[in-house]
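Q: Chain by chain, the residues:
There are 2 protein chains.
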Amino acid sequence: MEIRIDRESTIPLYMQIYSGIRDMIISGKMPAGYRLPPERKLAEQLGVNRSTVINAYRELKSCGLIESHVGRGTVAAIYSTGDGAGRAAGGRTEHMAGIGAGRAAGEMAGLPWDSTGTAQHDASMIHPMPWDQLFSESSLRMQDTTVRDLLKLSGRKDMILFAAGVSVQDIDSLDDLQKIQAEVIKEHGHNAIKHVPSDGFYPLRESISKLTGSRGINASAQDIMVLSGSQQGLYLAACAFIDPGDVVFVEEPTFFSAIHIFRAQGARIIGIPSDRDGMRTDLLAALLRRFRPKLIYTIPDFQNPSGAVMSIERRQELLSLAYRNQTIILEDDAYGMLRYEGDSLPSLKAMDVHGNVLYFSTFSKLLFPGFRVGWISGPQRVLHRLTILKQMVDLHTSSLPQMIIDRFMKEGLLEEHLEKLIKENRKRRDVMLEELDAAGLEGTAWNKPEGGLYLWCRLPDWMQPSALLSRSVSNGVSFVPGSVFYPGNAPANHIRLNFTYPTPPEIREGVKRLAAAYREARKEQKKYSVGDHAELGPIL
Amino acid sequence: MEIRIDRESTIPLYMQIYSGIRDMIISGKMPAGYRLPPERKLAEQLGVNRSTVINAYRELKSCGLIESHVGRGTVAAIYSTGDGAGRAAGGRTEHMAGIGAGRAAGEMAGLPWDSTGTAQHDASMIHPMPWDQLFSESSLRMQDTTVRDLLKLSGRKDMILFAAGVSVQDIDSLDDLQKIQAEVIKEHGHNAIKHVPSDGFYPLRESISKLTGSRGINASAQDIMVLSGSQQGLYLAACAFIDPGDVVFVEEPTFFSAIHIFRAQGARIIGIPSDRDGMRTDLLAALLRRFRPKLIYTIPDFQNPSGAVMSIERRQELLSLAYRNQTIILEDDAYGMLRYEGDSLPSLKAMDVHGNVLYFSTFSKLLFPGFRVGWISGPQRVLHRLTILKQMVDLHTSSLPQMIIDRFMKEGLLEEHLEKLIKENRKRRDVMLEELDAAGLEGTAWNKPEGGLYLWCRLPDWMQPSALLSRSVSNGVSFVPGSVFYPGNAPANHIRLNFTYPTPPEIREGVKRLAAAYREARKEQKKYSVGDHAELGPIL
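Heads up: the protein sequence lines correspond to chains A and B, in order.
Per the working numbering, residue 993 is the first one in the first sequence, and the count goes up by one each step.
Per the working numbering, residue 993 is the first one in the second sequence, and the count goes up by one each step.
Keep in mind the hints are simulated off the structure, nothing from the lab.
There may be inaccurate statements among the hints.
[Unchecked claim] PhoX-like, lysine-lysine: derived pairs with alpha carbons at most 20 angstroms apart:
hint: 1; chain 1: B; residue 1: LYS1419; chain 2: B; residue 2: LYS1504
hint: 2; chain 1: B; residue 1: LYS1033; chain 2: B; residue 2: LYS1053
hint: 3; chain 1: A; residue 1: LYS1149; chain 2: B; residue 2: LYS1412
hint: 4; chain 1: B; residue 1: LYS1440; chain 2: B; residue 2: LYS1419
hint: 5; chain 1: A; residue 1: LYS1171; chain 2: A; residue 2: LYS1149
hint: 6; chain 1: A; residue 1: LYS1171; chain 2: B; residue 2: LYS1178
hint: 7; chain 1: A; residue 1: LYS1171; chain 2: B; residue 2: LYS1149
hint: 8; chain 1: B; residue 1: LYS1171; chain 2: A; residue 2: LYS1186
hint: 9; chain 1: A; residue 1: LYS1178; chain 2: B; residue 2: LYS1171
hint: 10; chain 1: A; residue 1: LYS1149; chain 2: A; residue 2: LYS1504
hint: 11; chain 1: B; residue 1: LYS1504; chain 2: B; residue 2: LYS1515
hint: 12; chain 1: A; residue 1: LYS1440; chain 2: A; residue 2: LYS1415
hint: 13; chain 1: A; residue 1: LYS1171; chain 2: B; residue 2: LYS1171
hint: 14; chain 1: A; residue 1: LYS1515; chain 2: A; residue 2: LYS1419
hint: 15; chain 1: A; residue 1: LYS1186; chain 2: B; residue 2: LYS1440
hint: 16; chain 1: A; residue 1: LYS1412; chain 2: B; residue 2: LYS1186
hint: 17; chain 1: B; residue 1: LYS1412; chain 2: A; residue 2: LYS1186
The shape of chain A in the complex, shown without the other chains (with noise of 0.2 angstroms):
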């Protein structure tokens, strides 16, 4: 046992003795039972007072570093890191071991700690951290973990996934990719490695500029700014708009990041009813008159999760109402490329000549979801001020995903990617509307939307659908329940079923599933009351 002394420092000659035993403790060189030598012997060696290496060993018991064992002396006690996650770590052959084999260094080391490492017998496993205290009072009002579960949900092997919201993700070829990816190292070389600036990759600013004409809007790429994902966008405005006890208008339903957004940054939501021409802007005027909301977030096409696209008149409506008070509109355009029948309408930001709505939208409904790329399009004032919020966020978007997508539309195979998109969304929409017509889900209404990626469904008033899912999953099938949808206190009988991302079998099997549960939930159902049916009409 090496240990060095500096009897010119000002650092007390105990500390000294401590610190020298306590880096062999924490560094592996003194594992977990090695026997410290005798006080007396050790201030010999070191030739300083016996008192002096008592009082370092006394500061180390107190620190749970080493034990005193009757016959045994001073040993040091279980802490040392080192031993077996610095092992694994460090040695080559161990860290080449890939995933199969590799386990966590917690685990590695063998130790009995609990995961922050701990020692069972340390002060802390008796008053450990109040951690439940510390937490912001802002971040106490998120506790919704309907994403969370989702994502969990989603990674069940067998299941089919009707909860889902994404579009078809297996129609390419991933050569494109290769390809893509291989160009675009070739032609940026170290500069796809290195940052970015935090308001995006200018030439996919170029690129989106032009993406977003198809959309009527005339935006330049200076108006556009890249998000990592459109929900990002959704979240920084919230930051930048809401101050807690603000109030916020929303479709009702809508979709549920959204609320969690908003009530997170402290915002009053009021949800406007919603038909299937969209927001009921008849009831706008007074609604604005009485709450004075700062933000109202809409989905005008295919809206999440009801399908509804808000009519022509409605929109000229909203803008002008909401130019009127002052309201900034927050457009929410994930879906509207994505129409398999009828005529586009404007966006609400294409016909917004007074600039007060902000536009987002995404690649995430079209290509690579995992790669978190949107964008939003507004004033550059605005776009400034959401910057310096993403600067602290995550300081840029991931650099290769932008110029990846960037390079994709300028080959012109997002055209491509769209067409074949399209024509297969609208395929497996009518899988799933002749299965649903098919099974015989007595008392059930949906509709038929022109795009998107969702159907919603009202079920009959007695049909819980907590009950319907917790047996839909037990068959094999998931949906999302609509009472997330709704800022409020929800109406209980809806569920949203995704019809884009399971595969047409998948998508028959699944509706047979999910009427299988339905006649499970209803027999359940019949044996504790008389079902008392309301008469029910196509819902949108």
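We have chain A already, so just place chain B on it with the hints.
A: Then chain B, alone, in the frame of chain A:
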């Protein structure tokens, strides 16, 4: 001009006409200057009363969509975004024009509008949205644009960037990256483009768990959460723990983005004096009693900007004092693996018997800074809450970069890369130290850091860093003025020099340019005042 009207509809006829024309204008079918039929003629054509058409035209005029001119009749106003932008995006040829040829939609249209698509004669030109009044109070706390300015500066071609914050970028050939990319797509198939969990791609979490073992940290994959850069972790932790008015301790000086992030959450930031051994923990006990901070933010190894390494005694003291006060320690270990000489000290997390350290690190200073992949290790209860926050911020870190970095580690390439990187960084540090010694910067002192990316220089008191910076930038060399690293009133005479990003010849040239700027600034100074040089020791 084709307008469909529906006499069965509940929508008034004049609104139907209004909508029909509006759609044509917005969609570009009716370009600016298009002559609309006289009211009487259109009324005949549609079989409606003339007053109906008059009402429709009046609505269109009030929206600025059409204009009446004596002699020219009624024409579509300058509005059609479909004209230029729509064509540009729709036509395949233009779409494929590429970066060089591609001009933004707004420019292509050649229309005299501002970027929000607002026609010049519109009411909103006179009464625009009052954006500055609409921004939230919390977002107005963020005024600093240091990062933005630095990123902009870094874009200038001939500039030698002593202002940089990254390691050498081009020591590796890109062949490895090409190979790894191809393998990732091959191995993961469509999963490479799909969503991954919010807390990270699990195999990467395993690889990081092993990597952190080399820093003495005993964390399993479950104790690791992937971040979009370690700075995102600081942001999430700030959201999770800071309520307005809470106190945060930071080393003085410290990483400027951390200051912005804590300030944005409304924290009161107290700078703790630091020296060559890091944070002055001898002052800490009294300060903890006085301010009761919620968080202590520290960079124990190769501190940014000072290069200081916290001594083992101070690490122990900090851990023990923080635990006793139930204060959370945020340990930023961005530079810990970049040691060029001397012995490593264990990270705070490795010594954290109490479990109150949240450990942040990142790949950004090692490789692929543009990928934005970092991580946090901490108690699972905390990671769970941060995950809920991250879902709002970006749902998850981009999938492909996570998979590339994971494979890079699994194949042992990170270790190879680190060896090269450390060797090259050390060389560059020595070149800069040598050049500075030879440059004769009278009255200036700097440290010799054992690792990290920065030299921290103290200028003589009569030299203003801002004056030196503007001269330096004209001479083609940039650095970061020291004031941005202080939460409060800053001593005005420090600058930070990065020695890892510029090549050795660039470092030699850059120091020459800096020295020239220095002499100019000095000459200028002497004109106005007699230098009163305090005696200066090496500052760190």
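Q: It remains to establish, for every hint, whether it holds in the given structure.
A: Right, here's what the structure says about each hint:
1. B:LYS1419 - B:LYS1504: Given that 20 angstroms is the threshold and the Cα spacing comes to 18 angstroms, the pair holds.
2. B:LYS1033 - B:LYS1053: Given pair LYS1033 of chain B, LYS1053 of chain B holds - Cα atoms ~18 angstroms apart, limit 20 angstroms.
3. A:LYS1149 - B:LYS1412: Answer violated: LYS1149 of chain A to LYS1412 of chain B is near 42 angstroms, above 20 angstroms.
4. B:LYS1440 - B:LYS1419: At roughly 13 angstroms apart (the allowed maximum being 20 angstroms), LYS1419 of chain B and LYS1440 of chain B satisfy the hint.
5. A:LYS1171 - A:LYS1149: Roughly 30 angstroms between the alpha carbons, so the hint for LYS1171 of chain A and LYS1149 of chain A is violated.
6. A:LYS1171 - B:LYS1178: Given pair LYS1171 of chain A, LYS1178 of chain B holds - Cα atoms ~12 angstroms apart, limit 20 angstroms.
7. A:LYS1171 - B:LYS1149: Outside the cut-off at roughly 30 angstroms; violated.
8. B:LYS1171 - A:LYS1186: holds (19 angstroms)
9. A:LYS1178 - B:LYS1171: holds (12 angstroms)
10. A:LYS1149 - A:LYS1504: holds (18 angstroms)
11. B:LYS1504 - B:LYS1515: It holds: about 17 angstroms lies between the C-alpha atoms, which stays within 20 angstroms.
12. A:LYS1440 - A:LYS1415: Holds: LYS1440 of chain A and LYS1415 of chain A sit about 16 angstroms apart, inside 20 angstroms.
13. A:LYS1171 - B:LYS1171: The given pair, whose Cα atoms are some 12 angstroms apart, holds under the 20 angstroms limit.
14. A:LYS1515 - A:LYS1419: Distance ~33 angstroms between LYS1515 of chain A and LYS1419 of chain A Cα, so the pair is violated.
15. A:LYS1186 - B:LYS1440: Violated, at about 27 angstroms.
16. A:LYS1412 - B:LYS1186: holds (18 angstroms)
17. B:LYS1412 - A:LYS1186: holds (18 angstroms)
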